[in-house]
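**Student:** Sequences listed follow chains A and B, in order. Under the working numbering, think of the first position of the first sequence as 40, with each following residue one higher. Under the working numbering, think of the first position of the second sequence as 259, with each following residue one higher.
Hint data in this document are derived by calculation from the structure and do not stem from the laboratory. Do not rely on the hints blindly, as some may be mistaken.
Unchecked claim - To be clear about the criterion: a stretch of chain B counts as covered by chain A if any three or more of its residues have a C-beta under 8 Å from a C-beta of chain A, and this derived list gives those stretches:
id: 1; region: 517–526
id: 2; region: 700–710
id: 3; region: 904–915
id: 4; region: 918–928
id: 5; region: 944–953
Don't be surprised by glycine CBs; every beta carbon is placed ideally from N, CA and C.
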Amino acid sequence: MTKIYGIAGEAVHLRVNGQDYVLHVAPIQTLAEVIRSELGLMGTKIGCGMGNCGACTVWLDGKPVYACLTLALDAIGHAVTTVEGLAEGELSALQQAFLQEDALQCGYCTSGQVMTLAAFLAENPQPDPLAIRHAMAGNLCRCGTYPKIVRAGLRAAGLLDEERVSKS
Amino acid sequence: MAKLIKTRVEVEGQVSEEWALVERPKTIPWDIEQELNVVGKPMPRVDGMARVTGAAHYPSDLRLPGMLHASILRSPHAHARVLRVDTSRAEKLPGVRAVLSRNNAPGKPWRRNCPLFDEVVRYVGDEVAAVAADNPGIAQQACRLIEVVYEPLPFVLDPEQALKPGAPEVHAGGNLLDGEPTEYTRGDTAAALQAAEVVVEGVFETPTQLHNSLETHGSVVEWEGESLTIYDSTGNVHGVRDRMADWLGLPKNRVRVISDYMGGSFGSKNNAGKYTVIAALLARQAGRPVRLFLRRNEENLATGNRAATRQYLKIGASKEGALQAIQLRSYIAVGAYTGWGASVSGPVQEMYACPNVHTLEYSASTHTGPPSAFRAPGYVEGMFALEVLMDELAETLGLDPLELRIRNYAREAPGSHLPYSSNGLLDAYQEGARAIGWEKRQASPRGDGAIYRGIGMASQVWGGSGGPPSYADIKIHPDGTATIITGTQDIGTGTKTILTQIAAEELGLPVKSFEIEIGDTQWGLYSTPSWGSMTAASMGPAVREAAADARKKLLRLAASYLHTAAYRLTIQDGIVRGVKRGKPVEKPLAEILDELDNIMIVGHGSRNPNPTDVAINTFGAQFAEVEVDADTGEVRVLKIAASHDCGRILNPLTASSQIEGGIIQGLGYALMEQRLVDPQTGAVINANLEGYRVPTMLDVPEIEIRMIDRADRAINNLGAKGLGEPPIIPTAPAIVNAVHNALGVRLHTIPLTRDRVLQALDPS
């Protein structure tokens, strides 16, 4: 017997940032929409809605996914983590590094960048810059923070060579 | 005592006059040798925490109670008469709360004498109708139910074609903006070209570049009786407020525009958008707040662009490389619904000491989306043509390209002959050349198998003086903390941070005791829009003046409290220190204020006028090293060395972010970005981030920045010039010149896609 969820069927249970939610969602709704509209967690942004920019990156069981290409129903039974769930009250080492290295400008892509990079660093605690760049290739930044995102990743991993970027 | 003055405002190459209220200055520029405490230090952003935790709310994040979602119906035709618009089926769809079309929208002109929804549509994406509904899905579905009968008409996409007799007219009266080209002359260019020992020429083509800020354009709009609140993703809250008040017939104090955090602009969010007035009309009709944010494809159709150009450029010089004449005839495809095209003639007029210059500029309407400013509008386009042809001139003369630039260095502003307030160009050349290793550049192509390497460079000139009017207040609270109150914007540049640094430096209070308000027309004071690299050089000095005013008042207050004279006291790190009857005295400001109950100190400051006897410009140079695969046509930029003179650097951390950001956008312009329009239908083929390629993390080269960090004491109390736009100007020509150095072939059209590179290598 096919289980029917959504407004025609049962409420769904979603676990987001360690919290349990009971929601009625339409089958067509993406995880990005539900995170924002139903749960009010606005840190996850929608830049394109079709998997071309990475601004909506969240974790599904700790692995980065594009929330705009994930149906809310596909998150049932999985742990969803958004940028709001990254740090418990205080900033994670990576978020601190973003601030110190100025790896953000307008900030709209920043949540997605942080989520992708944090997941990468968890698997690769001693990365080289090229590996970081490959891992981050799916997160666009129009302001051009890319060089500083690499520095932030290296800093968070304790690998930053204190060479000055800017000279007078 | 404030004085009313008329001041000359120069923004994006356009000069106008504006009234401003200015106070007698309380500050003088800091000494060049003076070590400052906070200004000039690499301080992290004061509002970074909110952005890095997802706590910052952008206008597109706003959810108001009862809010509706709106969607716009757009024309599928590049040019058509709209014979009939029938919204009846849309109105009946459950969940639809308001519908707007030419049947019920006010007919008042919005742009170029055309109403919101005209009888003619003029580009694929042109607005035809709009719906507000309970959710975005219903709104979009309702749009599909609106029946429109179009009569397609012939259209024109190319600017030169648009000016030929018989070309389809975009607007009545012809496609040439102002009915005539814009002309600039100095000297006698025709004669000088005739007489020149060497003449080089070329035809250069640049693409339409799309901003694609990560946050799309849009507003959330709410009426409260006859008062209107607009949450807009904008870089110009006062401009939006004024335009909306004017169009809707409302007094200015009943329209409030708010834009605190916002997701990027690059010039596309300089003015009120049609989506804002559409949202306001829908909200009024429905009696509920309305959210109208564009989707990514709409962003690529209807929100502005850097216009495509075709430039016919000729340079005449002596055998020694002294420029004698430059002649530029340019065609700019400005799109529909605009009376403005960014002039591309600035670089040719301003960059070098050339006595004879003639520029003739044709801005042509075309059946494509309307333009907007895009980071250094016109100068990016014009510098590409100029600097690529300058390299060819160097080659023809057998001169080193950098040497050719240096030989034509302008010691004073070429047109006006005014002395520069400061000019670090020669130092920028030197620093950039050193950083890239210019001496290892080979004069002719050198390859290793199919891989060729090359080094190239390009110069930069831009405005960046800032100017009045801009105003700021600083409130000191009874606990010694302070709030800086401005009406300025932060489009990603770090405005709040540099203004806080300036206030902290002048007031002598620690940085952490400041809060700063921006982006609200209600609580803030008029500020320059965040365009033209204006913000730091306009708001910064006003904030410093406000801090000086507050400081003066605080010292007088402290002097009364301590029973000594104000001139015997200073404030540093929040502590009042000085001398009283020969003995040192010291007390934290917070303690003094705490004992004085509810006293409030407010300092006010305004931006004073710029000196008129100097030319205020920013200068710079970028050097690129590239690697080209002659088999695939792929260009890889290995390194960019950038050196710019933007006066005093207020914060090297945020400044380097601007430089890197500009370089990366310039790289995109050189190698991969172009709006592609189908010639058969006029439709934009790549209206998304998959087809319109913006640089990714893997496209970024090594970037070395060597700023000429030198205060310009002649211009304002900070000694700072603007820096948002300089870094995008020389990047593309530096890269193209490097590719030419690598391959030895002429490249006059960008972006340098693989097919273009391969075509240049093998024209058969």
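**Student:** Report holds or violated for chain A covering the region 944–953 of chain B, Cβ cut-off 8 Å, minimum 3 residues.
**Tutor:** Our answer is that it holds, as 5 residues pass the Cβ test (under 8 Å) against chain A, meeting three.
**Student:** Are 3 or more residues of the region 517–526 of chain B near chain A, judged by a Cβ distance of less than 8 Å?
**Tutor:** holds (count 5)
**Student:** With a C-beta cutoff of 8 Å, work out whether three or more residues of the region 918–928 of chain B approach chain A closely enough for the coverage to hold.
**Tutor:** n = 6 at 8 Å, threshold three: holds.
**Student:** Are three or more residues of the region 904–915 of chain B within 8 Å, CB to CB, of chain A?
**Tutor:** holds (count 7)
**Student:** Examine the region 700–710 of chain B: at least three residues should have C-beta closer than 8 Å to a C-beta of chain A.
**Tutor:** With 0 residues close enough to chain A, the hint is violated.
Hint 2 from the earlier list is the only one contradicted by this structure; the remaining hints agree with it.
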